[in-house]
Each structure stands twice: as C-alpha cells, then as structure tokens.
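Kindly produce the complete structure, drawing on both the sequences and the hints.
Protein sequence lines correspond, in order, to chains A and B.
Using the working numbering, the letters of the first sequence correspond one by one to residues 455 to 706.
Using the working numbering, the letters of the second sequence correspond one by one to residues 666 to 881.
In case anyone wonders, no lab produced these hints; they're calculated from the structure.
Where is the CB? At the ideal position from N, CA and C, for every residue including glycine.
One or more hints might be untrue.
[Stated by the list, open to error] If you want the footprint, here are the derived chain B segments under chain A, 3+ residues with CB under 8 Å: (1) 777-785; (2) 788-795; (3) 799-810.
[Claimed, not checked] Cross-link-like lysine-lysine pairs, in silico, DSSO-like; alpha carbons within 27 Å at most: (4) A:Lys600 - B:Lys872; (5) A:Lys620 - A:Lys461; (6) A:Lys526 - B:Lys779; (7) A:Lys466 - B:Lys779; (8) A:Lys600 - A:Lys620; (9) B:Lys779 - A:Lys600; (10) A:Lys620 - B:Lys779.
Chain by chain, the residues run as shown.
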Amino acid sequence: MNEPIVKIRGLKKNFGSLQVLKGIDMDIDQGQIFALIGASGSGKSTLLRTINQLEEVTEGEIWFDGELVNQKLPHRQREAHLNRLRQNIGMVFQHFNLFPHLTAIENVTMAPLMLGRVNKAEAIEQAKKLLDKVGLSDRGDYYPSKLSGGQKQRVAIARSLAMNPKLMLFDEVTSALDPELVGEVNRVMKALAEEDMTMIIVTHDLRFAEDVSDHVIFMADGLVVEEGPPSLVFRAPQEDRTKSFLQQVFND
Amino acid sequence: MDFALIGRIWPFFAEAAWVTIEVSMLAIILGLILGFAAALASLSRNVLLRWPARAYVSVFRGTPALIQLFLLYFGGPQIGINLGPFEAGVIGLGINIGAYMCETIRGAILSVDKGQTEAGRCLGLGQAQVMRRVILPQAARMMVRPLGVNAIALIKGSAIVSTISVLELSYTAHRYISSTYKPFEMFILASIFYLAIVTVFSFGVKKIDERVALES
Ligand SMILES: Nc1ncnc2c1ncn2[C@@H]1O[C@H](COP(=O)(O)OP(=O)(O)OP(=O)(O)O)[C@@H](O)[C@H]1O
Ligand SMILES: [Mg+2]
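Written out as structure tokens, the structure reads:
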C-alpha cells in the first residue's frame, strides 16, 4: 500500500482567538477525488488553504507527497520550500484570479516560463493543448475581461494544470458563475477526475459532489462530522448534523 | 497691459520656462526613482528597509518643501554638501516629491486584489516574481494618473527654487519686475508659461494613461 499523497494529522487553525479548525485528520490517496461539504463558515476554505500554506497552521501536521508541508524553517528556506511545494499543488479560486493584464494563453504560459520549466515554444504548445482540453482553443489571445465567467474559470484551471500538479484544490469554483455556465466548468473537472488527478473539491453543489467524488467529507464548526463514499454520506447519513444539513440544502 | 513690453521680453521668459521644465523633469525622474524604491521598501517584511522608508515619507511630507530646500542649499555647506542652485533645486524638489510619489505608488500596489498575489504564489512563483510580473504591471496602470497629479503639483511648486536663485520662470518674473515695475504683466506672462507647460504635460499623462489602459 502506498503512502497517501496528502496526510493531515491533528490540524488546528486559529484566527486570533477564533478557532476555525479544531483537529482535522485526513488521508488522501493518489487519484482520489475528495468533496468537502459543509455550511458556510465551517472551515472548508481554511482547510484547503492550509494545504498549500496560503494559511499558516496553528497546530498539527500536513504531509504532501512524503514531505512535511508546515515545517518550521527560516524565512528564506521556507519560501523556497513553499515555492517548490506549490508547483505541485494547483489551486482554483471562486473568483478566478486570472491575471487581467495577460491574455488567456499568457496566463497559462507565465509560470512554467518564469520557473524555467520549458522554453517559449514548448510553453506555447503545452498551453494550446491545455486550452484545447478545457474547450477554449479559440480563445487564447483573449484578455480575461473579454471572457465569460465560465471561460475564465476554465482558463484558470488550464493555468494550474500547466505546472503539472500532483494535486488540485478547487474552492467553490462555480459559486460565482451564472447557473448556465456551471456545467461547462463541472465537465472540465469531471474529465480531470477521470484522468486520475488527485483532487479536493470544496463545493456547495452537492449533486456535482455526488457525481464526481469518491469520498465525501462533511464539516461543521471546524471538525469532520462524517465522511465516506458519496453513496453513504448522501443516501444514508449517520449523524444528525449531516442529515439536517442535507435536508436544508436539498430543500432549497 | 503693456503689450509692447511683453512683446519685447517674452523670449527671456521662454528661456526661463525651459529651465523650469528642466528642473521639474529631472526632479520628477529623481522623485519616481526614490518613490519606487521607498514604496517597495515600505512594503518589505524587513524592518531595516520598511522603517527608513516610512521615516522618509513622514519627514518629507511633514515639513515645508521650502525649508527642505533651504536646509539643503544654505545648510548643506555646513556639513560639506556644496551644491549649485540648479543641482540643489533638482535634488531638493526630487526628494520632496519622491515622498509623495512613494505614497501614490504604494497605494496603487496595495490596491491590486489580494487574489492576484495568491494566484501567483499558488503557481509556485516567489514573492519578487509575483511583484514584478503580476502586481506591478497592474499597479502601474493605476498609478499613471495620480503620479501625474504629483508631477503637476511639482511643476507648479518648482517656483520655490526661485528663492535659491535658479533662473527659472518665477525668478525671471521677479527680476523683470524690479527693472520694469510692471508686476501685473510679468506675473501674467509667467502664468501663461506655467499654464502651457502644465497643459502639455497633462496631455502627455492622459496619453500614457490611455495607452496603458488599452490592453486588457
Ligand atoms: N483571514 C481570516 N481572518 C479571520 N477569520 C477568518 C479568516 N478567514 C476565515 N475566517 C473565519 O474562519 C471561519 C471559517 O471560514 P472558511 O472561509 O474556512 O469557511 P468556509 O467553510 O469556506 O465557508 P464558505 O462556505 O462561506 O466559503 C469563518 O468564521 C470565517 O469568518
Ligand atoms: Mg469558503
């Protein structure tokens, strides 16, 4: 049995006196698709953001690919460590965060070029492939301001993939989209899931979570309340809090 | 209005206007360099950079430019800084406007959405790389106009270097007043030149602003 690619032990996170994560344990195997669900404020984003250290950890351990993510290091070494780590962890945000001064294709080629991964011709070729993969081969020369929300989000996914990450983090990537644009982004994620990418998807879209994931984690108040395969968590939840959450969401 | 007099002496004002332009442009360049350096330093996590940058801004925005200029020009020799009027004017004005430009540049950098930095860092880019390729190109667009406002304030404020006898517009106006006793004409003439300089400069700023706003 291989080591899990992500291993979280006793993770706690405080913002000042507010404890947002209260002791999380998690193992994610290579190729697994995790869906992270739970009410607003339950700590889903914070958990996701500690994995690539956009948020520092208060207590506990996060391991990624056999390496302790939150090691105590002097500033310079820590920066180098994080840069290396983050090159292997893609992240996609609710509000896209595309670089508005760059075209779609430049958004995709920027990091691989700056980090010296590839030369210019290779970067462009790879970016074209990725844009094609997310269905935007004809939009490479568009600036983000000329793209729809769904198109922006697909460029953002392509941008992350350009670094060939081993893990992809998605934080409510369809929440800011008009309903009719959600499908095109979900399809891209679904295709990625089928290629054996390891993914953690924070979402309020429970139907999509059920469809795409092979493991669901329900969080409440900074703790994992219930987890398991989607068929169990969604169809036969054990905990009262899960039941009432699901009832609330599905009744909306 | 003594138009005959104006007709005779305006070429001397034109020459003086050129000095005003030179002093102002050199001071603006110096101010931009200092402003950029101070803005980056003030955003650094290193207190040895941050603290001096903040002190620079507080001191030079918190005291009169005229006093700063006098300190440099008249007080300088006492501590071994001997500058001619022109050099002192450029340096004095440049250091002063740099403090204002620092705040403008810093404000523009801070106004770039935090998500941009996060997106850059998430790709594995370092802090300096993100600053250079993600933040500054966006901040630059936002700082053109406010830096233009700083620069125009400097052009008009450059009149104070007349007090250390730089032969620019205001100084020339004063000089001709004492020989012609026609302050009204002289100040009108000087004003026309200032207005012309500022108008051309504003137009240039507007063009640059349109240019950088174009793509995206
Ligand atoms: N930078 C911060 N400083 C202080 N408190 C924060 C910060 N970020 C998040 N919080 C708080 O932490 C708690 C958990 O936030 P988090 O964003 O992780 O929740 P979430 O489950 O992602 O919610 P949502 O579904 O609304 O995105 C909230 O109470 C939030 O107010
Ligand atoms: Mg969230």
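Q.
Tell me the numbers of any earlier hints that the structure contravenes, in ascending order.
A. 8
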